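If you read the protein sequences in the order shown, they are chains A, B, C and D. Note that the working numbering has the first sequence beginning at 1, numbered continuously upward. Note that the working numbering has the second sequence beginning at 1, numbered continuously upward. Note that the working numbering has the third sequence beginning at 1, numbered continuously upward. Note that the working numbering has the fourth sequence beginning at 1, numbered continuously upward.
I should point out that these hints are in silico values taken from the structure, not numbers from a laboratory. Errors might be hidden in some of the hints.
One copy or two, either will do: identical chains are not told apart, so a pair holds if it fits within one copy or between any two.
Listed next, the in silico DSSO-like pairs over lysine-lysine satisfying Cα-Cα at most 30 Å (straight line) [to be verified]:
| no. | residue 1 | residue 2 |
| --- | --- | --- |
| 1 | K232 | K94 |
| 2 | K109 | K173 |
| 3 | K370 | K360 |
| 4 | K378 | K47 |
| 5 | K3 | K121 |
| 6 | K121 | K198 |
| 7 | K266 | K370 |
| 8 | K266 | K94 |
| 9 | K94 | K137 |
| 10 | K278 | K378 |
| 11 | K380 | K370 |
| 12 | K380 | K278 |
| 13 | K380 | K232 |
Here the structure is a predicted model, which means the values were calculated and not measured.
Number of protein chains: 4
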Amino acid sequence: MVKVLILGQGYVASTFVAGLEKLKKGEIEPYGVPLADELPIGFGDIKIVGSYDVDKSKIGKKLSEVVKRYWNDVESFSDDPIISQGVHLGSVEKLPVEAEGLEEKMTLKEVVDRLVDEWTKLDPDVIVNTCTTEAFKPFDNKEDLMKSIENNETERLSATQVYAYAAALYASKRGGAVFVNVIPTYIANDPAFVELAKENKLIVLGDDGATGATPFTADVLSHLVQRNRYVKDVAQFNIGGNMDFLALTDEGKNKSKEFTKSSIVKDILGYDAPHYIKPTGYLEPLGDKKFIAVHIEYVSFNGATDELMINGRINDSPALGGLLVDLVRLGKIALDRREYGTVYPINAFYMKNPGPLEAKNIPRIIAYEKMRIWAGLKPKWL
Amino acid sequence: MVKVLILGQGYVASTFVAGLEKLKKGEIEPYGVPLADELPIGFGDIKIVGSYDVDKSKIGKKLSEVVKRYWNDVESFSDDPIISQGVHLGSVEKLPVEAEGLEEKMTLKEVVDRLVDEWTKLDPDVIVNTCTTEAFKPFDNKEDLMKSIENNETERLSATQVYAYAAALYASKRGGAVFVNVIPTYIANDPAFVELAKENKLIVLGDDGATGATPFTADVLSHLVQRNRYVKDVAQFNIGGNMDFLALTDEGKNKSKEFTKSSIVKDILGYDAPHYIKPTGYLEPLGDKKFIAVHIEYVSFNGATDELMINGRINDSPALGGLLVDLVRLGKIALDRREYGTVYPINAFYMKNPGPLEAKNIPRIIAYEKMRIWAGLKPKWL
Amino acid sequence: MVKVLILGQGYVASTFVAGLEKLKKGEIEPYGVPLADELPIGFGDIKIVGSYDVDKSKIGKKLSEVVKRYWNDVESFSDDPIISQGVHLGSVEKLPVEAEGLEEKMTLKEVVDRLVDEWTKLDPDVIVNTCTTEAFKPFDNKEDLMKSIENNETERLSATQVYAYAAALYASKRGGAVFVNVIPTYIANDPAFVELAKENKLIVLGDDGATGATPFTADVLSHLVQRNRYVKDVAQFNIGGNMDFLALTDEGKNKSKEFTKSSIVKDILGYDAPHYIKPTGYLEPLGDKKFIAVHIEYVSFNGATDELMINGRINDSPALGGLLVDLVRLGKIALDRREYGTVYPINAFYMKNPGPLEAKNIPRIIAYEKMRIWAGLKPKWL
Amino acid sequence: MVKVLILGQGYVASTFVAGLEKLKKGEIEPYGVPLADELPIGFGDIKIVGSYDVDKSKIGKKLSEVVKRYWNDVESFSDDPIISQGVHLGSVEKLPVEAEGLEEKMTLKEVVDRLVDEWTKLDPDVIVNTCTTEAFKPFDNKEDLMKSIENNETERLSATQVYAYAAALYASKRGGAVFVNVIPTYIANDPAFVELAKENKLIVLGDDGATGATPFTADVLSHLVQRNRYVKDVAQFNIGGNMDFLALTDEGKNKSKEFTKSSIVKDILGYDAPHYIKPTGYLEPLGDKKFIAVHIEYVSFNGATDELMINGRINDSPALGGLLVDLVRLGKIALDRREYGTVYPINAFYMKNPGPLEAKNIPRIIAYEKMRIWAGLKPKWL
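Please model the complete structure; the sequences and the hints are all you need to start from.
This is the structure we're talking about:
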């Protein structure tokens with residue numbers, strides 16, 4: 001059994017819940033769930049014990065009611081908690097959402113205490129952060145982070161940072177918990193949080209779920225590097241119509257995303273080929289199905305130059321929703337093994353920017369095999 | 001030192017020679033040569049000792065003269081043998097080439113004897129077969145093959161099969177040699193030839209050099225299979241303007257190519273997703289730079305369907321030419337280790353249809369790491 | 001009021017019927033119907049009076065029952081005739097359809113008489129031919145055609161040719177009718193049929209409905225020709241999973257299609273740029289939504305070479321179904337004007353291979369404006 | 001004879017000069033020059049009498065010397081004036097160019113007087129503005145423009161606006177001249193300049209030369225609108241490595257470009273389909289050959305949704321350079337006809353944002369035919 005608490009009941013989390021319900025009933029195949037039914041923990045063992053949001057139209061509603069706004073093909077819900085009010089700190093600022101965070105009526109210290117109290121009652125093993133992409137500044141050291149909370153620095157802190165901090169206190173109190181961060185904010189990549197996690201029996205997995213164009217581009221680049229082809233330049237555009245793309249039209253939020261995405265070029269190639277890789281725009285009618293375009297130019301033998309042009313139409317939320325079905329289960333396995341801090345073999349396959357900070361991106365297929373070995377499964381091809 | 005003999009002095013072999021000359025002079029970087037300068041055998045250690053063709057306009061000419069028809073940017077040649085007359089057996093039939101094979105003036109048995117004699121004088125370590133794609137029928141057992149030569153069955157045998165047979169006799173006489181087959185004809189995949197090789201101290205590497213769209217599609221499919229995405233269908237077109245594409249407009253030759261290419265779908269995915277993968281057409285102005293188009297449709301989490309559309313403009317001969325620089329060196333290493341028969345760790349990375357027959361395609365990046373280990377190099381990411 | 005009779009109740013005809021029903025009820029917008037509500041004849045004025053097929057599982061069924069196999073979202077049908085048995089002559093030979101044509105139980109002359117009798121009772125203004133693509137040989141002269149029917153030459157004649165012949169006799173008897181041919185068989189391009197039409201008060205519109213990649217490629221080429229860019233080569237692939245693509249895997253049927261498609265290159269450019277334009281393959285899971293890939297290479301100013309790579313995912317039957325809503329109405333208008341023979345201004349916009357034989361393809365947008373003028377509408381931009 | 005003066009001797013102008021020299025010598029075909037040799041004015045009749053720039057490394061150099069930095073394949077130059085110092089006003093600010101404008105050493109009024117004097121000596125018929133894209137604010141009324149010059153408002157005015165103002169005074173003095181503006185700054189679209197032109201015997205042609213993705217997208221959209229397909233959304237990315245793309249990373253400059261490009265959607269479709277059309281990024285190794293990606297989603301008959309994904313690799317400067325060969329000749333023809341003000345039939349085909357302000361984009365092929373008629377040529381298909 002894995003008890004799961006959700007932070008940010010938007011498109012991704014709702015797809016996760018909707019798909020999970022269908023998996024439990026055997027209505028769909030576990031496509032898009034990398035480890036499918038290979039793990040000792042089954043789909044039926046995953047229980048949603050709570051969910052938080054700052055959208056006033058969601059707070060106080062049943063989970064099922066919110067999920068059905070996105071997917072109205074789910075009949076009944078095995079778990080149906082009420083959505084609680086969470087931390088805002090401007091995370092959906094400028095978006096067409098009427099939002100209200102706990103920090104508006106109490107200090108951040110009080111917010112953290114309240115969350116720890118509520119979570120202790122709900123008793124999740126795994127807390128999953130699927131908030132909208134937010135602007136953030138890493139802390140690097142633990143003391144600054146703690147001081148920032150203490151001093152109620154609402155301008156300095158992002159919602160995810162406050163949640164992760166609360167998760168550490170909760171883990172300490174409970175004797176172990178997991179915080180899965182699938183958005184770009186540095187948690188598994190922020191030494192402050194990794195240290196905090198180790199000291200408090202927390203496991204942080206992150207950062208930024210590896211979906212969409214970037215892991216694909218990474219695998220294309222590793223295809224080229226094996227053949228010692230020299231990559232001259234890489235351009236990767238993507239545009240979508242969901243809230244996350246709207247958030248990324250904000251310069252600050254876009255910047256963090258750009259950083260996450262760009263690091264793969266150097267990590268995989270071994271040199272920093274000129275590249276333009278960032279979320280490009282918002283176009284409402286595209287909805288949750290983004291359009292991607294990638295252009296790669298490389299030098300082959302005898303000075304020949306080749307070109308690849310890759311286009312895709314990719315469902316955004318299902319890609320991440322499917323990974324969450326694995327992540328909460330792997331988180332629980334790591335928790336049972338008490339691997340406090342962060343777990344690179346999980347991050348390396350499931351995250352765009354795998355923590356810890358000094359770790360690098362490796363070709364996903366290698367990461368996949370290493371992750372399988374970590375999970376106690378047979379590698380597929382090694 | 002590796003002494004190399006070429007069979008089929010066309011675009012691929014000429015790009016190999018041209019690029020090799022430039023590498024020796026340090027005029028180009030070793031892009032497109034997977035192992036670059038990592039092997040103990042340097043580029044300067046590769047020596048071209050002979051070359052064969054059936055094109056009457058090439059026979060009797062200097063190698064340099066023929067290479068310059070394709071690449072006139074090479075100044076001087078470190079090795080410059082005269083092109084000898086080889087075996088035709090209809091391999092360039094219907095192509096705009098005036099061809100004449102040795103089999104027109106003697107029996108196949110005499111042809112084989114003559115080749116063994118000539119090769120013994122030239123003393124190559126490695127014989128590289130880069131003939132134009134030909135129609136063929138595998139033998140499966142050695143006796144049938146030998147009888148076929150004996151009975152001068154010119155309709156039953158292809159040029160490559162005769163060459164590989166001669167290579168076995170040559171290896172036996174010399175005490176070891178290598179036959180590298182980068183065209184689709186089954187050699188490393190024909191048990192008849194693998195057995196013959198083992199008995200005669202020959203190493204056969206093959207079949208069909210892994211260039212172009214197919215290995216790329218393989219890596220895209222393995223990207224999907226890792227995420228447990230269900231591939232609904234795969235379409236892969238390619239069209240080019242070189243002699244090999246013209247040859248493939250012939251139904252018989254196209255068939256063998258189709259077989260080679262299609263096997264990857266089942267090998268990688270584990271199920272036989274409906275697919276259309278074959279050389280599609282000939283369009284002269286495209287020249288040696290083919291156009292490829294791939295469409296893949298797959299199911300992701302929660303029943304969502306995604307699509308990829310991949311286009312590329314890829315230089316055909318350089319892709320294969322670069323692999324040859326590795327293959328002749330790895331062949332020599334295998335020879336020094338006396339690994340007679342065929343060497344799967346080499347085939348698995350460098351060949352579209354890696355022999356032996358019972359072996360399967362695995363994701364190239366895994367094959368790459370295993371090949372490095374075989375070659376005594378450190379794996380890159382494992 | 002336009003009374004319509006359908007020949008070949010497959011995907012295209014069923015989409016036409018389904019969409020028409022929804023248009024009549026105002027359930028959908030008239031997207032994909034070029035002239036929408038601009039014509040004096042409204043959607044409600046179109047009445048389906050009969051339908052023919054050779055599929056034994058369709059003959060004798062209600063139209064609504066067959067349409068619902070393709071589109072089960074249509075509630076009620078304003079017209080619901082019974083499917084009658086038609087002419088086969090091998091048109092769906094080799095396809096997974098159990099077919100039986102009238103010619104199996106009577107001579108072609110008797111078939112024609114029977115059709116004329118039945119049609120006279122149903123009294124259609126417009127007969128629409130949407131049979132599966134068939135192999136055919138044009139007649140060129142009327143006498144040969146008549147003799148062929150007389151002599152019951154079942155091997156020489158195609159189903160469409162027999163239908164068109166019957167349509168002429170029917171028109172003569174009725175005092176006017178229209179035959180719309182949206183498949184590649186030459187009718188409007190066969191002087192034999194155009195002459196026959198003129199003599200019998202028939203109007204033939206055709207050939208091969210202008211949907212999909214080819215008219216699009218035509219417009220891209222005319223974009224280039226306006227700028228005096230020199231087209232080096234054009235490759236156009238398409239692959240789909242409906243019955244028509246399956247039919248085109250048959251070499252004979254493919255050939256006719258290729259001819260139709262290829263003529264546009266020379267017609268638009270004024271020179272015959274090397275091109276590869278033909279239906280490429282069948283892949284069942286693609287269904288009615290084909291994948292197309294187009295590659296065009298051209299020379300711009302100062303010797304620069306540019307490239308375009310166009311991919312599309314296009315619903316096949318709706319594209320043609322929408323054109324039929326116009327064609328039956330325009331056919332009726334032509335009939336009221338007694339423009340017997342063929343009507344180039346209609347063909348030029350709606351057909352891939354606009355008849356008569358000596359006519360050429362012109363850029364569609366010019367054809368569009370001329371067609372509007374013909375139909376008594378204001379041009380849009382001229 | 002047409003005497004031409006160039007403003008901004010960058011990539012576009014240098015390609016124009018290089019290609020023109022080759023055309024004069026018959027070394028290349030007139031590909032990319034829409035009217036080729038159909039006009040009464042031949043290539044040999046075009047004479048370059050002067051050129052201006054603000055790049056300190058270009059001022060004082062021979063034209064040939066600067067052109068060879070971009071194209072070193074031109075042997076001799078029929079005209080070879082010295083590059084004069086022009087107006088900067090921040091137009092290449094932030095770019096890696098050491099620039100110095102005349103306005104740094106004198107007032108704008110003095111600059112204008114000096115330009116008029118110099119031009120009077122050089123006596124051009126046509127002044128071509130090919131400066132780098134600049135931020136600008138239209139004037140709308142002539143008085144404000146004149147006051148702005150008078151008051152030396154260097155922050156308010158852009159280089160192009162000063163040049164166009166000087167051109168009006170020059171035309172008045174000379175008794176007629178042409179100003180061709182192929183960058184986005186509003187000249188033919190600014191009523192202030194059109195009025196000024198009419199009063200001073202100037203012809204202004206503009207704005208923003210119709211090259212690259214946008215006119216192509218326009219023609220694709222008109223292909224769809226003819227078929228009454230409903231466009232749901234349009235995304236158009238492009239990225240390049242020349243100075244113009246670098247300039248467009250500046251928000252202000254990008255904005256003007258976005259405006260120009262976006263207007264086509266509504267002009268062609270008749271409704272403002274959601275779209276994202278703007279220059280997307282700068283990637284140095286792409287050089288002058290930009291990568292474009294277009295995604296269009298539309299509704300066809302019976303509610304079916306189709307998709308197009310278009311990629312291209314397009315030489316930027318040659319596309320515009322080829323149009324200039326026509327524009328200077330058509331300008332001269334308009335001058336001979338004394339069509340002072342602006343000439344919509346020329347603008348409609350050659351410009352992205354055809355002036356005057358109230359005019360609209362029409363499908364290029366219609367514009368092409370109307371332009372031919374204006375030029376006294378036979379239409380091609382009408």
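Hint by hint, here is what the structure shows:
1. Taking identical chains as interchangeable, the C-alpha atoms of K232 and K94 lie at most 30 Å apart only when they sit on different chains, with a minimum of 25 Å there against 38 Å within one chain.
2. Taking the shortest Cα distances, K109 and K173 sit within 30 Å of each other inside one copy (16 Å), while across copies they are farther apart (77 Å).
3. Both within a single protomer and between protomers do K370 and K360 lie at most 30 Å apart by alpha-carbon distance, with minima of 14 Å and 22 Å respectively.
4. In the homo-oligomer, the alpha carbons of K378 and K47 lie at most 30 Å apart inside one protomer (27 Å), although the nearest pairing across protomers, at 44 Å, exceeds that limit.
5. In this assembly of identical chains, the alpha carbons of K3 and K121 lie at most 30 Å apart only when taken from the same copy (12 Å versus 72 Å across copies).
6. For a Cα distance limit of 30 Å, the shortest separation of K121 from K198 inside one copy, 23 Å, qualifies, whereas the shortest one across copies, 71 Å, does not.
7. Taking the shortest alpha-carbon separations for K266 and K370, both the intra-copy value of 21 Å and the inter-copy value of 23 Å come in at or below 30 Å.
8. Proximity of K266 and K94 under a CA criterion of 30 Å is satisfied inter-copy only: 27 Å between copies versus 33 Å inside one chain copy.
9. Taking identical chains as interchangeable, the C-alpha atoms of K94 and K137 lie at most 30 Å apart whether they share a chain (19 Å) or sit on different chains (28 Å).
10. Taking the shortest alpha-carbon separations for K278 and K378, neither the intra-copy value of 36 Å nor the inter-copy value of 34 Å comes in at or below 30 Å.
11. Taking the closest pair of Cα atoms, K380 and K370 come within 30 Å of each other both inside a single copy (10 Å) and across two copies (14 Å).
12. In this homomeric assembly, K380 and K278 come within 30 Å of each other (Cα to Cα) only across copies, at 28 Å, whereas the closest approach inside a single copy is 32 Å.
13. In this homomeric assembly, K380 and K232 come within 30 Å of each other (Cα to Cα) only across copies, at 21 Å, whereas the closest approach inside a single copy is 33 Å.
Violated hint: 10 only; the structure is consistent with all others.
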